[in-house]
Amino acid sequence: SEGLRLVVQTLILAVPGIFTAAGLTFLLFLMYAILGVTLLKGKMYKCNNPICDVPRKIPLDECSTPEKCDKGGGRWVLHPRNFNNCGSALLTLFEVATL
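Residue numbering for the sequence shown follows my numbering, starting at 106 and increasing by one per position.
These aren't lab readings, by the way, just hints derived from the structure by calculation. Glycine included, each C-beta is placed from N, C-alpha and C at the ideal position. Take the hints with a grain of salt, since some may be wrong.
Calculated pairs, DSS-like style, for lysine-lysine (alpha carbon to alpha carbon, straight line, at most 30 Å) [what the hints assert, rightly or not]:
| no. | residue 1 | residue 2 |
| --- | --- | --- |
| 1 | LYS151 | LYS173 |
| 2 | LYS148 | LYS173 |
| 3 | LYS148 | LYS176 |
| 4 | LYS176 | LYS146 |
| 5 | LYS176 | LYS151 |
| 6 | LYS146 | LYS173 |
Here are the in silico distance ranges between beta carbons for each label pair [as the list claims (entries may be wrong)]:
| no. | residue 1 | residue 2 | range |
| --- | --- | --- | --- |
| 7 | THR143 | ASP175 | 26 to 34 Å |
| 8 | VAL159 | VAL113 | 32 to 40 Å |
| 9 | PRO160 | PRO185 | 19 to 27 Å |
| 10 | PHE124 | CYS191 | 30 to 38 Å |
| 11 | PRO121 | THR143 | 28 to 36 Å |
| 12 | LEU129 | LYS173 | 56 to 64 Å |
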């Protein structure tokens with residue numbers, strides 16, 4: 106049918122523009138990922154002690170460093186979404202952008 110042929114031809118003609126937009130978006134994400142790694146590498150750790158998860162105006166001192174967290178009975182763990190390397194940073198940015 107003529108209508109289906111027109112749709113397919115239009116989609117084929119749009120492919121280069123779609124790749125251009127995707128490439129530019131990837132480069133933008135990559136720039137922000139590199140910036141995030143530069144500024145936030147190693148800073149996404151937290152204490153998983155249940156006492157530390159309760160919201161407070163003043164944070165508990167035993168949740169502030171790995172040593173104090175271990176003494177308080179918790180573990181110093183890395184958040185699953187982090188900026189420790191470029192791959193993790195890209196995934197984190199993608200997740201935030203598509204919320």
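Hints versus structure:
{"no.": "1", "hint": "LYS151 to LYS173", "verdict": "holds (11 Å)"}
{"no.": "2", "hint": "LYS148 to LYS173", "verdict": "holds (16 Å)"}
{"no.": "3", "hint": "LYS148 to LYS176", "verdict": "holds (20 Å)"}
{"no.": "4", "hint": "LYS176 to LYS146", "verdict": "holds (25 Å)"}
{"no.": "5", "hint": "LYS176 to LYS151", "verdict": "holds (14 Å)"}
{"no.": "6", "hint": "LYS146 to LYS173", "verdict": "holds (21 Å)"}
{"no.": "7", "hint": "THR143 to ASP175: 26 to 34 Å", "verdict": "holds (29 Å)"}
{"no.": "8", "hint": "VAL159 to VAL113: 32 to 40 Å", "verdict": "violated (58 Å)"}
{"no.": "9", "hint": "PRO160 to PRO185: 19 to 27 Å", "verdict": "holds (21 Å)"}
{"no.": "10", "hint": "PHE124 to CYS191: 30 to 38 Å", "verdict": "violated (22 Å)"}
{"no.": "11", "hint": "PRO121 to THR143: 28 to 36 Å", "verdict": "holds (33 Å)"}
{"no.": "12", "hint": "LEU129 to LYS173: 56 to 64 Å", "verdict": "violated (45 Å)"}
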